Structures are given as structure tokens and as C-alpha cells.
Amino acid sequence: MLTAVLRPNGVVAEVNRAAFESVPVGRGAAVGKPFWQGPWWYDDPAKQQEIREAIARTAAGETIRLITTVRSAGNHWLQVDLSLRPVRDDTGRVDWILAEAAGGYDSRAAQDELYRLNRELEERIAERTELMRLMIESSAEAVVTIDRHGIIKEWNGAAERIFGWPRDQMIGGRLSEFIIPHRYREAHEAGLKRFLATGQGTVLNRTIELSALNSAGEEFPIELSVWPVRCAEGYRFSAFLRDITERKRAMQGAAETAERALRFRTVLFELARMDKTDYKGSLLRILRTAAYTLGLGRMVFGRFEEREDDVALRPEIIYRAESDDTVPESELGGFGMSGYPQYYAAIISNRPVVANDAWTDPATVEFRDHYLAPLGITSMLDVPVWLDGRVVAVVCHEHMGTARTWTAEEVGFALSIGNLVALTLEAANRTQAEADLRQAEAEVRKALAREQELNELKSRFVSMTSHEFRTPLTAILSSTELLEAYGERLASDKKAELLGMIKTAVKNMTRMLEEVLFIGKSDTGHLQFNPQPTDVDDFCEQLLKEVRTGVGREHDIEFTATGHPAPALVDTHILRQIILNLISNGVKFSPKGSTVSLVCTRDAAGLVFEVADRGVGIPPEDRANLFNTFHRARNVNNIQGTGLGLAIVKKCIELHGGDITYTSELGKGTRFLVRIPLRGEHDENNPGG
Amino acid sequence: MMKTILVVENDPALRMLTSQLLELEGYKVIQAENGRLALEAIAAEPPDLVLCDLLMPELNGWEVLRQLMQSPETATIPLVFLTASAAPSEREACLSEGASGFIIKPFQHAELLQTIRSLLVGPAESQP
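If you read the protein sequences in the order shown, they are chains Y and L.
Take our numbering: the final residue in the first sequence is number 689, and no numbers are missing along the way.
Take our numbering: the final residue in the second sequence is number 128, and no numbers are missing along the way.
Chain Y with its partners taken away, still in its complex shape:
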């Protein structure tokens, strides 16, 4: 339609006649004037500007194609294809511009529609493409595509982030050299080749875990899915890759948490099963185990004690992990709880004190200056110990070094430790209660035994006196009745004999009474001890004379003295009882005519008396109770006696501070040995015993 030759400045040099078919003017209106001022674009400044700019570019060497509209006769708008071409001279300089317009179809509406559809389609395609690009770009997953040689074709933003390589560096590069660790590269190449050869691939169309390299050379775990994509040049491989470092860390963390929970449970189970009868040992083991399990520097077990106007927390055991020992008792102080109201309120209401930063936590801050800081304790986890319906103690888990955050599992573990300590306390209480009960039982049993003993003693006394007194009483009664009934028929010597018998009987009874009274007095501590300087030999001689005419009438009483140069400090009454009773026994329990001997010697310690007989002897079964009151050996039941003789002897010897031993053989005889210590004859102010 239109063909024009323009100068580089846009002025029309020549234009054809056909160009003016649709405009009301002729050639003259255009030639010599700028092209954009031509009649085709008269009242459209925008188009004029457009053409003007296009010409300027063409003058610079560009070939321009425009789709534009021109006015035609009848006020139509025609769409034309305008091309502007630069024409160069030999030097390459743009000499002329050739302008050609073609088209000019009048089907404006259809053309418009086509134009519009075209535009729409292009827009949609552009949209789609853009959307895809955005999706890939914004994907959290790295999307990487390689060709069959392993060369990177696509590399999205996530890939940039994950691997640290920028796109422009990666496109065209070999994937394996960048992100695949050395040890996997060969397998990667081989896998590619295998797939291309056989159509099989172990990695393809699945999700697998691998190690990859980032730009810093660090290995990290990734999860990837790869699949082949058919394309013009054969195959491409697209992969979605995920950095699973975090996931793996979380799984590791969960595994570690589970493992730690299991360890906690195992430790607690072991401690629960432990035999808790050794109170101190059990507590120490619990504290040590808790410290080791939680990695703590110190453990404290403290009890609450009521003081006059306050409750004090008194540490009973302080365990130090580093030296695996306990603080000595002497160094343990106490904390008056009135100075730590928040701490006390929490613990006493059976709640734990969980202080990650013990220096600032309101429940523990009061401990800071004189406890936490000097010891370097930064975190505390204190749990109550509940026993018999109230909190009686506290277990403190103390951490030194960088402050730590107590996890829920650790708090649970610590609470369990508190419960185990409570169980140990309960076991100790039970043990103590059992011991107390046993002791009470033993005491009751002892009291019962004593009562029984007393009853036995009483009945023995009753039967003894009844038996022993009957004989002299019979003698008195019989003598009296004889005198009464036959007094005249009896000779006077016979009468005298009867009267004598009465007197003897009375004497016997009196003696027995005195023995009983003597024992009674000695039992209640009323015996007097009155040592006087005494010629012992002489004393013994006089005593034996009495015996020979009395109870020892039918026996041979021997006395041997080894000579005592100086008087000894003895209580003669007491000594009399000792020797008299022993000799009486010797006489009583040995056959008529046999010998009963008394030997009196003296050694460095004091006096030694020996009384020996050839009598019935003492049976082994009776030896334990020989000196017991009213005890009578089983082989003497037919021999008169109160059973008090040896008891009296023993009491007397005790009073004098001496001791008595004996040897005996059944049927052969008995020998008693009495030792009386003397403290120095001239020391009259020293009582014995």
C-alpha cells in the first residue's frame, strides 16, 4: 500500500501514489515533511510519537515492525503493518529509511478480535509460564534438572539456598562435581549410564536418603526423588531434593529423649528395688545415682525441723559428685525457713522448685548470696519428700557451671527421686518401729519373767518355811505333849532332855528366821559394813569352837592357819556369816564322821579362805543357780535347810568386795574358795566393797 523513502531524520523524500488512496490529500502534503506528520496520522499525537520514535531507532540501525492504524476515507481505521528498514551505504552509515506499510484490511472487528485473542493467549501462556516459574522458584524443595550427561539444566532458588551455589554458576555445570560427595560420584555416573542403556535405575522414581555437599564443602543429609523426563534430545532427569538435616536432628532428638527416658526409668527401677534397710547407705546411693544420671555437681538431703519460732531446713547429707564423698557432719548448718518464704511455701505444699536460673528465680534468689554464689550453683531442682501425710524433707538437685534448663522428664525423674527417699525414710521408720516393738516385747517378757521368778521365789519361800519350820514345831509340840501327858512317869533327866529339845527347836527356828531377815536386809541394802582390825586366826578358832559344839558335833572340823602377822581390816559379823554358813553346809551335806576343813591363808591381794567337805557334791544342773535365794540342789531335799545359806554367803562376800569360787564332784565332796581383798591394814577409813 504505502512505500516511502525517508531520510534518516524522518523527512519523506519519496512516497508512492497508492499511499494516498485512503486519505484526502496528495503527494505534496507529505513529501518534504516528516513522515510522522503525514496525513495518515493527523489527529493522533500518540501514534505520531510512536512513528517518530520508531524512525529514530531505525536511523540508529534497527529494523522496526509496527502494527498500527491509519485513518482512511470514510473515517475508517485501517490496521497496517508498518516496517521501517534502514538502508546503509558502503560505509555502513544509514543513508535512507525505507518505510513500507502493508495490510490495511478493513475487517476491523475480526482483526481486533484476533488481535485480542492472540494477546490473551500470549498472556495466558506467559501467566502459566510465570506461575510455573514462580512455583519452582518459591518451592521449598530444590528442583534440579540434569540432562543425560549429568549437566545441570535447571536450578531453582531453593537449590541455591540449600546448596549455596547461585544459578548462573550451576547451569551448564556437572551436577556430580558440585553436590555429590566424592564417594558417591562413580555410582552416580554409572547409574546414569545404566539407565540410559537399560531403562533401569535403582534411584529413580523413589524417595531415598543420601548425603550431599554444600558450597562450604560440608556434608548434610538430603531426601530426594528423581524421575526421568522424556524430551527432544532423549532424557532429562528431574529431582526434588529436601534438606532433612532438621528432620534428622529432630528424630535424633526424639531418639535421645526416648533413650534418656528409658535410662531414667531403669535407674528409678533399680533404686526402687534396692533393699532399704541400710538407711544411710540407701540414701547415699539414691543421691549418688541422681547426681550421676542428671550430671549434677551436688545433691542435698535436708529435713525440716521445728524450732521454737521457726521451721529450719537442716541438711542431713550433702553429696559432692566430683569427689564422690559427703560433707562432714560438723560442717552442716541449717536454714531458717522464715528467710525463704517462697521456697518454703512451694516445697511444703508438695510442689517442686524448678529454677533454671537459680540466681534470679524468685523462689531461690534468697539463697544466692551466701549459698549459691559461693558454691557456684547456677540451677536448682528441689523436690519435696512426702511421708505420713506431710512434707518432711527435701531433696535438692544442684547444678554447677552454665545454667541449664530442666526438661519435663528431668523434673519427673527428680520427683521420683523424692518419692524413693520417702520410701527409704519409711523403711527406716518401720525398722525403727519394729525394733522399738521388739524391745518393748522383750521388756514385757522380762517383766513377766521377773514376776514369775518372784512368784516362784515366793512359793519356794512359802514351801521352804512351811517345811523347815514344821520340824522344830513338831519337836516343840511333841515335847510339850509328852511333858503334859506323861510328866509324872518320866525321869527327871528325860524331862530335862525334853525341855532341852524345846529350846533347841526354838533356837533353830530363830536361826532360820534370822537368815531370812538377813537376806531381806541385804536385799534392801540395809546391811552395815563395819571393818575393824581383827586377828583373823583367833576369830576363826573361836568360831570353830562354837561349831564343834553345835552343828558340827558329829563331824571332824579341821582348821589350818598359815599365820597372819598383822590384824586385817574385816567386818567380823559379815565374816562370821560367810564362814559359818560354808561350814554348816559342809557339815549338813556330808556324812557323819567325815571331815570338814577350813584353811585360812593370805596373799598379796588379801585373805583367802578355803572350806572343803567330803559330802554329796553339787550336781552340774544346779551350779548356775547355786547362790540363788531359796535355791536347793536336787540332791538335798531331805536335808533340812532354808536354801538361804549360800545366798547369804554371796551377799556377804559382795559386801566385802571379794569373790567366791568352788569345785565339786558328786559323791566326793565340795571345796569353796573365798577371796577377801584387803586394802591396807592401817587405812581404817577405807570401806571395802
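Heads up, some of the hints might be wrong.
Computed beta-carbon distance windows for the label pairs [stated by the list, open to error]: (1) Y/ALA496 <-> L/MET2: 20 to 30 Å; (2) L/GLU23 <-> Y/HIS573: 40 to 50 Å; (3) L/GLU111 <-> Y/ALA496: 24 to 34 Å; (4) Y/ARG548 <-> L/ALA43: 36 to 46 Å; (5) L/GLU111 <-> Y/LEU437: 53 to 63 Å; (6) Y/HIS573 <-> L/SER71: 49 to 59 Å; (7) Y/HIS573 <-> L/MET2: 47 to 57 Å; (8) Y/ARG548 <-> L/GLU111: 55 to 65 Å; (9) L/GLU23 <-> Y/ALA496: 16 to 26 Å; (10) L/SER71 <-> Y/SER463: 16 to 26 Å; (11) L/SER71 <-> Y/ARG450: 47 to 57 Å.
Partial list, computed: chain L residues near chain Y (C-beta under 10 Å) [as the list claims (entries may be wrong)]: (12) THR18; (13) GLN20; (14) ALA87; (15) ALA110; (16) GLN114.
FYI, nobody ran anything at the bench for these hints, they're computed from the structure.
In this text the structure is predicted, and so the values were computed from the model without any measurement.
Note that beta-carbon positions come from the ideal geometry of N, C-alpha and C, so glycine has one too.
With chain Y's structure known, arrange chain L on it following the hints.
Leaving out everything else, chain L in the frame of chain Y:
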């Protein structure tokens, strides 16, 4: 004929007193100071009655009674215990064992003499 009574008593005073009493009452008295000697005496010359203490050395009254009960010649001889053992159960046991009497010291002469008279058939007086 005079009746013979064997007095078995460990305590010399009591033995003397009892024997004295019985002699004054017209009995012939044989004395033994323990069970063994008593049995010997009975073997030698069986008495008409035995007056026996319970607790004695060498052989006590129980044994004496048992020995007497064992042989038919002596089983008929009445034996009276004269003892300071005052337990009532003792009395029962002795009587069921075969003792003819059980007298507790100290005793009234009348009691003893009455018991003896009732056990000995025939007059205590000697025949002219």
C-alpha cells in the same frame, strides 16, 4: 501281844520323841533313820505298822511304800506317813498309792494315836 511299830524318821530329835510317845503308850518301837535301814528292819522282823517320814536321804518314804506293796507278806502292813510335806495333792497321791494314813507335822498326839489304834486290830496292851 505287844504291837510293833517301825518308826522311820531322819531327824534324830523327832525320831526320839515319837518313839518315846509310842513306848509310853505301850508299843514296841523299832527305829530306822532312813528308808534303806527301814527296809532292812522290815525284812528282819516285819512290824505291825510302819510310821514313815517322806523326805529322807538314801531312800525316801515313797520308795519304802512301793517296796512294801510289791511283796505279799509286806503289802498288808499298814504304813502311815508322818511328814512335813503339806501339799494336799501329796496326801491324795500317797493314799491312792497304798498308804494307810497321812499325818502332817506338827501333829497332835491324840491324832496319831487314834490313827494307829484304828489300823491295828487287837488291844495295844500286852497280854498278861
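Tell me the hint numbers this structure goes against, listed in increasing order.
Those not satisfied are hints 8, 10, 16.
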